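Chemist: Chains as they are written, first to last, in my numbering: chain A, 11 to 440; chain B, 3 to 130.
These are computed hints drawn from the structure, not numbers from a lab.
In this text, all values refer to a predicted model and were calculated from it rather than measured experimentally.
Heads up, the beta-carbon is just placed ideally off N, CA and C, and yes, glycines get one too.
Among the hints, erroneous ones may be present.
[Unchecked claim] In silico DSSO-like links for lysine-lysine, alpha-carbon gap of 27 Å or less: (1) LYS364(A) to LYS342(A); (2) LYS342(A) to LYS394(A); (3) LYS65(B) to LYS317(A); (4) LYS114(B) to LYS317(A); (5) LYS278(A) to LYS317(A); (6) LYS196(A) to LYS219(A); (7) LYS219(A) to LYS362(A); (8) LYS278(A) to LYS196(A); (9) LYS364(A) to LYS410(A); (10) LYS355(A) to LYS317(A); (11) LYS362(A) to LYS394(A); (12) LYS422(A) to LYS364(A); (13) LYS13(B) to LYS317(A); (14) LYS362(A) to LYS410(A); (15) LYS278(A) to LYS13(B); (16) LYS394(A) to LYS410(A); (17) LYS278(A) to LYS65(B); (18) LYS56(B) to LYS317(A); (19) LYS13(B) to LYS47(B); (20) LYS196(A) to LYS47(B).
[What the hints assert, rightly or not] Coverage of chain B stretches by chain A, computed from C-beta distances (three or more under 8 Å per stretch; other residues unrestricted): (21) 41-51; (22) 64-77.
[Claimed, not checked] Computed Cβ-Cβ distance ranges for the label pairs, DEER-style: (23) GLN87(B) to ASP199(A): 24 to 30 Å; (24) GLY98(B) to HIS226(A): 34 to 40 Å; (25) LYS13(B) to LEU17(A): 32 to 38 Å; (26) PHE89(A) to GLY127(B): 36 to 42 Å; (27) ALA66(B) to ASP199(A): 47 to 53 Å; (28) ALA195(A) to LYS114(B): 39 to 45 Å; (29) LEU190(A) to ALA109(B): 29 to 35 Å; (30) HIS357(A) to GLN87(B): 33 to 39 Å.
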Amino acid sequence: MLAACGLESAEGLFAHLPEGVRLKEPLALAPGISEYEIVDYFRSCASENANGYASFLGAGVYAHYRPVMVDTVISRGEFLTSYTPYQAEISQGTLTTIFEFQTMICQLTGMDVANASMYDGSTSVPEAALMASRITGRNRILAARTVHPEYREVLRTYARYGRLSIEEFEYAPDSGTLNLEDLEAKMDDQTAAVIIQSPNFFGIVEDAKAAAAIAHERGALLVVVFTEAVSLGILQPPTDADIVAGELQSFAIAPSYGGPYAGIIATKERFIRQMPGRLVGETLDSRGARAFCLTLATREQHIRREKATSNICTNQALIALMATVFMSIYGKQGLRELAEQNLAKAHYLANKLKRRFTGPFFNEFVAPAGGIPPDTINRSLLKKKIIGGLPLARWYPELKECALLCATEMSKREHMDEVVNAFLPASQTT
Amino acid sequence: MTYPENFRYTKEHEWVRVEGDLGVIGITNHAQQELGDIVYVDLPKPGTVVEQGKSLGSVESVKAVSDIYSPVSGEVVEVNESLGQSPEQLNQDPHGTAWLVKIRLSAPDQLKGLLSAADYQAYVGAES
Chain A
11 MLAACGLESA EGLFAHLPEG VRLKEPLALA PGISEYEIVD YFRSCASENA
61 NGYASFLGAG VYAHYRPVMV DTVISRGEFL TSYTPYQAEI SQGTLTTIFE
111 FQTMICQLTG MDVANASMYD GSTSVPEAAL MASRITGRNR ILAARTVHPE
161 YREVLRTYAR YGRLSIEEFE YAPDSGTLNL EDLEAKMDDQ TAAVIIQSPN
211 FFGIVEDAKA AAAIAHERGA LLVVVFTEAV SLGILQPPTD ADIVAGELQS
261 FAIAPSYGGP YAGIIATKER FIRQMPGRLV GETLDSRGAR AFCLTLATRE
311 QHIRREKATS NICTNQALIA LMATVFMSIY GKQGLRELAE QNLAKAHYLA
361 NKLKRRFTGP FFNEFVAPAG GIPPDTINRS LLKKKIIGGL PLARWYPELK
411 ECALLCATEM SKREHMDEVV NAFLPASQTT
Chain B
3 MTYPENFRYT KEHEWVRVEG DLGVIGITNH AQQELGDIVY VDLPKPGTVV
53 EQGKSLGSVE SVKAVSDIYS PVSGEVVEVN ESLGQSPEQL NQDPHGTAWL
103 VKIRLSAPDQ LKGLLSAADY QAYVGAES
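Could you put the whole structure together from the sequences, leaning on the hints where they help?
Modeler: This is the structure in structure tokens:
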């Protein structure tokens, strides 16, 4: 098996893990110790994990509060252990929650139809690109450089041995919004979709209407991506999009080292046949009562094999249920208030710092670190149990002196003021 | 339902009727019976060049999605748009109002290789 992977030893399988977190010797457990002692050992190890830290790290994964009700509901055996609801007659509970999920995603995004969920936001994007390719019969994709860099990496991975070709267009260096001139110049009649993100990777709200006009002019579709679902509580729904692809981690899904999360795809009704993934529909049972079942399944892989609309024929039912419970708890007004708190806190923090871009922002913004390397600032913050912003050099060499900061409803003023002090050491009182 | 004498047929259950230099293409009565209730038809855009034996679209019933294989080569000049709103026509009148596309024949000789109504009738009789 190692030979098939092109590796020489089992060690090679773990080569991607940083040295610091790899265990080089067997666990230091004495032979023959009791279960009680083993549990005790791991409890004491777990207490070394980071607890009680304030986080200003966003960039696709956000520190939001998770209402306790969420785990109470999803821990019920009926949800926790349920299998794919192929058999409608024994799966009405699961099917009902998925139908509710789809309905709420439509209300949030202003689209006509949403599927039962995708693996996560990053894989929703290439699925949206492939969908646009099927609809238009074209293969070229134009993605904004302000779409999450890791989402663009996943898009390129999908494209690598497939039919799509991916090109990118620039952002405006002052505002941090889409460079519409660059987009217009790069458009052609082979472009299937223009992909933008709003709020974009820099936290800035984009002009989706203008991007839609440019895309539609040349017969291409507009895909609008979001990573911060809470923004939908206060921003206009992305109704200029033909396809909306997004990530729901903000809706009561714990960061958990990067997953599992739940993604969404929503679209207009006329594109429903080209939508990937599972879909639950409303129908009537044999007695005429309201009931739910999987629908349009003939497009899917378990029936159509290699001719399926897409290679995703599952969904993130349990994780999507977290988001469903979250949306039910907050409701429309609650989500708006939550978004307002995020907006207010991020703007409080931004007003005390310099901003790199002038575009309107939601709960994230790019701050120049004033000559101090962002990593140095983060190290000093970490000593105060504060996780700083994301240094942008890794993906945007032109922004190597900047960090992407995020404030949410969880951000306390005292911690925000510490961040300000770390960025502006001159104003620091000792 | 009888199979019109002036049509030519394929073993994949499509028919073609010649109209000047155009071939009108549809699926047979046998095909719609086997598929059951048809709920959606996916057809190419006008201007698409199709090849004999290659897929030109698909037809979806409550049971399955099946490819439609073009009986002849040529360029699609017209698509039956009414099927978008009412695909059930394919169950009701597969040899008439529910034609799928009109193709400008690029190789009319291909028609000679297709089945006659009698041959097709015998073929589906044997198949079923």
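Chemist: State for each hint whether it applies.
Modeler: Hint by hint, here is what the structure shows:
1. For the hint pairing LYS364(A) with LYS342(A), the CA-to-CA distance comes to about 33 Å; that exceeds 27 Å, so the pair is violated.
2. Distance hint between LYS342(A) and LYS394(A) is unfulfilled; the C-alpha atoms sit about 36 Å from each other, more than 27 Å.
3. The straight-line distance between the Cα atoms of LYS65(B) and LYS317(A) is roughly 15 Å, inside the 27 Å bound, and the hint therefore holds.
4. Pair hint LYS114(B) plus LYS317(A) does not hold up; C-alpha atoms about 31 Å apart against a cutoff of 27 Å.
5. Between the alpha carbons of LYS278(A) and LYS317(A) the distance comes to roughly 23 Å, so the proposed pair stays at or under 27 Å and holds.
6. A distance of roughly 18 Å separates the Cα atoms of LYS196(A) and LYS219(A); the hinted pair therefore holds under the 27 Å criterion.
7. Taking the CA atoms of LYS219(A) and LYS362(A), the gap is about 32 Å. The hint is violated against a cut of 27 Å.
8. In summary, the hint linking LYS278(A) to LYS196(A) is supported, as the alpha carbons are separated by about 26 Å, within the 27 Å threshold.
9. At roughly 15 Å between alpha-carbon atoms, LYS364(A) and LYS410(A) fall within 27 Å of each other, so this suggested pair holds.
10. With a CA separation close to 49 Å, the supplied pair LYS355(A) and LYS317(A) exceeds the 27 Å bound.
11. Taking the CA atoms of LYS362(A) and LYS394(A), the gap is near 19 Å; set against the 27 Å cutoff, the hint holds.
12. For the hint pairing LYS422(A) with LYS364(A), the CA-to-CA distance comes to about 20 Å; that is within 27 Å, so the pair holds.
13. Straight-line distance between C-alpha atoms of LYS13(B) and LYS317(A) comes to about 21 Å, which keeps the hinted pair within the 27 Å bound.
14. As the CA atoms of LYS362(A) and LYS410(A) are separated by approximately 21 Å, the hinted pair is consistent with the 27 Å bound.
15. At roughly 37 Å between alpha-carbon atoms, LYS278(A) and LYS13(B) are farther apart than 27 Å, so this suggested pair is violated.
16. With a C-alpha separation of about 24 Å, the suggested pairing of LYS394(A) with LYS410(A) holds against the 27 Å cut-off.
17. Straight-line distance between C-alpha atoms of LYS278(A) and LYS65(B) comes to about 25 Å, which keeps the hinted pair within the 27 Å bound.
18. Of the pairs offered as hints, the one joining LYS56(B) and LYS317(A) holds, with about 14 Å between alpha carbons and a cut-off of 27 Å not exceeded.
19. Restraint check: the Cα-Cα separation between LYS13(B) and LYS47(B) comes to about 25 Å, which is no more than 27 Å; the hinted pair holds.
20. A hinted pair counts as satisfied when its Cα atoms are at most 27 Å apart, and LYS196(A) with LYS47(B) qualifies at roughly 25 Å.
21. Requiring three or more residues with a Cβ within less than 8 Å of a Cβ of chain A, the coverage given for the segment 41-51 of chain B holds, as 3 such residues are present.
22. Evaluation of the coverage hint for the segment 64-77 of chain B: fulfilled, as 5 residues show C-beta separations to chain A shorter than 8 Å, against a requirement of three.
23. A C-beta distance of roughly 28 Å is found between GLN87(B) and ASP199(A), which places it inside the suggested range of 24 to 30 Å.
24. Between GLY98(B) and HIS226(A) the CB atoms are about 37 Å apart, so this pair conforms to the stated range of 34 to 40 Å.
25. Evaluation of the 32 to 38 Å hint for LYS13(B) and LEU17(A) yields a failure: the beta carbon distance comes to about 50 Å.
26. For the hinted restraint 36 to 42 Å between PHE89(A) and GLY127(B), the CB-CB distance of approximately 53 Å leaves it violated.
27. Restraint check, ALA66(B) to ASP199(A): a C-beta distance of roughly 35 Å breaks the suggested window 47 to 53 Å.
28. Checked against the hint of 39 to 45 Å, the C-beta distance between ALA195(A) and LYS114(B) comes to roughly 52 Å, which is inconsistent with it.
29. For the pair LEU190(A) and ALA109(B), the beta carbons lie near 47 Å from each other, so the given range of 29 to 35 Å is not met.
30. Between HIS357(A) and GLN87(B) the beta carbons are some 50 Å apart, a value that contradicts the proposed interval 33 to 39 Å.
Checked against the numbered hints listed earlier, the structure breaks hints 1, 2, 4, 7, 10, 15, 25, 26, 27, 28, 29, 30; every other hint is satisfied.
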